[in-house]
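My request is simple: use the sequences and hints to build the entire structure.
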Amino acid sequence: MAPSSATSPAGNRSGAQLSNTKTTVEFRAALVAMAIVALIPLGVSNPYWLGVLIVSMYFAILAGAWNLLAGYTGQFSLAPATFAMIGAYTTGLLNHYFGVPPLLGIVAAVVVSGLVGLLLGRAVLRLVGPYLALTTLSFAEIMRLVASNSIDITRGDLGLGVAGLLDSRVGWYYLFLGALVALLVLFYMLLRSKAGLFLQAIRDDEVAARRAGVNVVFWKTAAFAISAAASGFAGALYAHFAELVTPELGLIGQTGLIVSMTVIGGMGTLAGPLVAAFLVYVLSEWLRDVGGYQLVVFAALVVIFARFFREGLWGLARAAVQRWGRA
Amino acid sequence: MTLLSVRGVTKRFGGLTAVNDVSFDVAAGELVGLIGPNGSGKTTLLNILSGLADPDSGEILLDNVPCQGLTPERLAHRGVMRMFQLTRVFRRMNVIDNLLVAGRALGLGADEALTRANALISELRLDVIRHLDAGQLSGGQMKLLEFGVCFMVPPRIALLDEPFAAVHPTMKEIMGDFIRSRHEKGQTFILVSHDMPVVVELCPRAVCMNAGAVVIDATTREVLNDPRVIEAYLGGQAA
Amino acid sequence: MSGIDVDLAVNGLITGLFYALMAIGLSLIFGILKIVNFAHGEFYMVGAYAYTLIALALGVPVWIALPLAFVVGALLGWLTERTLMRPLYAGYTSWGLMRDEYAVIVTFGLSLFLINLVDKVVGPYAYRGPPLVETSRVVLGPVLISGHRLLAAGIAIAVIAVTAALIKWSFWGQQIRAVSQNRLGASLAGIDTAKASVIVFMLSGGLAAFAGALLSPVINASPDVGIFPAIKSYIIVVLGGMGSVPGAIIASLFLGVIESFGAVYISFQYRDAFGLILLMLFLLFRPQGLFGEKGREV
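Residue numbers (our numbering), protein chains in the order written: chain A, 1 to 327; chain B, 328 to 566; chain C, 567 to 864.
You may find that some hints are simply not true.
To be verified - So the derived label-pair ranges between C-beta atoms look like this:
| id | chain 1 | residue 1 | chain 2 | residue 2 | range |
| --- | --- | --- | --- | --- | --- |
| 1 | B | Glu386 | C | Leu750 | 35 to 43 Å |
| 2 | C | Asn786 | B | Gly341 | 48 to 56 Å |
| 3 | C | Leu847 | B | Glu386 | 30 to 38 Å |
| 4 | B | Asp504 | A | Val207 | 22 to 30 Å |
| 5 | B | Val527 | A | Ala320 | 51 to 59 Å |
| 6 | C | Gly756 | A | Val297 | 42 to 50 Å |
It is worth saying that the hints were derived from the structure and are not from the lab. Please read all numbers here as calculations on a predicted model, not as lab measurements. From the three backbone atoms N, C-alpha and C, an ideal C-beta is built for every residue, glycine too.
Right, here's the structure in full:
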């Protein structure tokens with residue numbers, strides 16, 4: 001048997017690396033994936049496929065934000081698409097009625113959706129499991145009804161036209177990619193800090209976390225607010241990309257896509273949901289021409305992954321690498 | 328010097344008085360056994376002391392400052408650490424991270440927390456499993472890990488609820504050694520246990536509860552020989 | 567009470583009866599597994615399609631198609647329980663912490679799956695089921711109602727009464743209630759909790775499908791038609807106290823009436839929001855519902 005690590009000189013440092021290795025490996029894998037994504041416009045100039053990839057990045061941000069809340073903190077909200085919608089309407093309405101420039105509107109969207117997330121997170125603090133899912137689901141539906149029924153203000157389901165930001169599709173591509181990488185780095189730093197420990201501790205056992213001195217109220221609310229702000233950011237970017245805001249952004253089906261990507265990629269892993277967002281969305285656009293069974297396939301995959309491969313594609317890939325490494 | 332003072336604490340659940348006007352003091356450095364038959368109110372009392380339940384009346388002083396009704400996290404920062412009867416660890420985090428959570432939450436820096444975590448891991452002989460997720464550990468290993476969590480920052484007082492129940496004898500020995508060595512260094516404990524030989528061996532003083540009230544508070548020898556204690560364990564009320 | 571109020575009250579109560587058919591099953595599932603089935607609306611949707619297609623495409627008489635829709639729903643419930651609910655109780659101890667998340671993901675995924683499957687296989691077009699009777703207008707004093715709706719309401723009352731009686735007095739009903747109260751205790755007492763769970767899922771799927779079939783002439787079944795009825799049943803189950811069948815029935819009628827009056831006197835556009843607001847308020851301030859006992863967490 002190896003000697004006790006406390007007595008070996010390297011004990012402390014190797015411990016430090018090992019306890020954070022998982023997150024770091026995932027971060028590096030995600031960066032590699034993003035680097036590949038960054039190279040795509042060199043070979044692909046078809047605006048349709050660039051558009052598909054831009055929407056994939058929109059979903060990747062949403063999946064990452066939801067994963068922080070559900071995968072790392074254990075707060076199973078069914079309102080991630082709603083916060084994107086709130087962000088989109090914030091900048092959309094500011095732009096439409098007051099001529100606020102898009103960049104300022106996007107900042108406002110982050111603040112507003114973050115604040116709404118803070119309030120909702122504070123309100124649902126004591127709710128767990130199905131109760132939390134139902135409360136956030138009803139919040140989502142109420143918000144969507146408000147957006148679609150306030151026709152005088154939002155023009156309802158017709159949608160609200162908003163100003164564009166960039167003329168070039170490739171420009172949008174790299175703007176979204178930059179936003180995605182920025183959030184990835186932010187989440188990585190957050191998860192590597194003590195916050196990462198606290199969030200996962202809360203997910204695993206709230207009472208034990210409180211016993212250990214973790215300020216559960218603060219961290220749960222913070223996770224909600226950060227996740228909502230990131231979703232609102234994505235929604236606001238998307239609003240100026242599409243130059244249109246509709247209540248459809250907040251449809252429960254959109255949340256369904258976000259959940260699917262996260263579950264298929266691997267909940268509670270940094271890289272899985274981001275990569276899966278691309279796979280799911282690009283594949284679904286591709287399958288659309290081949291019979292259009294894409295949503296059936298992905299919904300089935302969600303069920304199958306949840307049932308049999310709880311760690312998602314990331315978990316499968318890790319297991320494969322380990323097996324390969326041993327052989 | 329009195330570290331913890333429990334004064335007239337009462338807690339009712341509907342018609343049941345789970346803790347009835349309980350008073351006792353614990354001096355700094357004491358290791359007090361808290362015994363009593365099932366349903367006598369020991370765990371409820373620990374819940375109140377660790378902030379998981381509010382007393383209906385009475386007062387609790389820690390270092391002469393009232394602390395009843397504080398949340399568990401506030402109490403943890405004040406130095407009250409509680410070990411649960413049903414082990415609570417962070418199941419999807421590895422052993423080191425479990426320890427780091429408590430260390431960082433209680434204000435240690437990253438390096439300091441890691442040094443202490445490694446020291447506890449070897450003291451509790453968890454070296455081999457340090458990178459396993461806590462959910463994969465055996466029941467006894469989880470208990471040891473929970474000990475570690477409670478001592479990442481040595482608490483003012485440690486409240487242990489049945490730490491020896493259903494634990495392998497080897498682990499029991501490690502825990503006993505751990506408690507003894509910490510006690511020798513001046514650590515204060517309240518130890519709830521049904522395991523009388525262990526209580527006799529570890530605790531110089533014992534408090535016996537029955538039906539929510541303190542029956543006797545004396546040296547462990549006296550307590551175990553007291554007819555009221557025998558009555559409490561064998562008598563009608565417990566059944 | 568003016569004539570229009572009587573009309574609103576009666577129509578609200580009838581809507582409530584259809585809600586109850588949905589909500590009873592959802593409540594029973596919560597009682598026995600402590601989960602919310604997010605695919606419940608799709609049982610309803612499948613029921614509406616089953617009835618419509620069996621009656622129209624196969625030419626089966628409506629009075630046979632109606633019970634067949636129940637059977638289809640029950641089969642779907644059985645399949646769901648056998649394939650997806652097992653991990654919730656079959657000793658996956660290491661899943662303990664994931665339990666709630668698993669239940670939400672897997673039922674939510676099932677819901678997406680069924681919606682999109684029907685969308686692809688049957689098509690996204692709305693189907694209108696054949697009414698049970700052709701009488702278009704029945705006038706009862708101030709109350710105006712279609713013949714089909716009146717008949718469907720009568721059938722719903724009968725089915726709810728039989729279901730409630732079965733749960734209260736039948737052998738399996740008692741077993742189910744025992745498992746709801748204390749799963750461990752019930753299994754120690756020799757009750758087959760797995761079987762209880764299967765029965766509950768079959769009953770729940772059957773009732774929801776039956777509701778969909780009864781309403782198919784009115785709702786124009788489309789793949790996503792189950793979403794709103796499902797949300798209504800979540801509201802009802804929370805109002806009535808999660809797991810309580812009498813609570814679910816009373817809350818269903820209550821919600822039906824509230825919506826009926828609210829749509830006329832408060833806002834037609836926001837008629838679907840009243841219940842959602844009630845749901846949020848209840849979950850935040852009174853999670854035990856109108857009638858439930860306040861539970862204690864240890």
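Hint check:
1. For Glu386 of chain B and Leu750 of chain C, the hinted distance range of 35 to 43 Å is satisfied, since their beta carbons lie about 38 Å from each other.
2. The hint said 48 to 56 Å for the Cβ distance between Asn786 of chain C and Gly341 of chain B, and at roughly 52 Å that hint holds.
3. For Leu847 of chain C paired with Glu386 of chain B, a C-beta distance near 37 Å keeps the hint of 30 to 38 Å intact.
4. A hinted range of 22 to 30 Å holds for the C-beta pair Asp504 of chain B and Val207 of chain A, which are about 28 Å apart.
5. Roughly 56 Å separates the CB atoms of Val527 of chain B and Ala320 of chain A, a value that falls within the hinted 51 to 59 Å.
6. Distance hint for Gly756 of chain C and Val297 of chain A: a CB-CB separation of about 43 Å, consistent with the stated range 42 to 50 Å.
The structure shown violates none of the earlier numbered hints.
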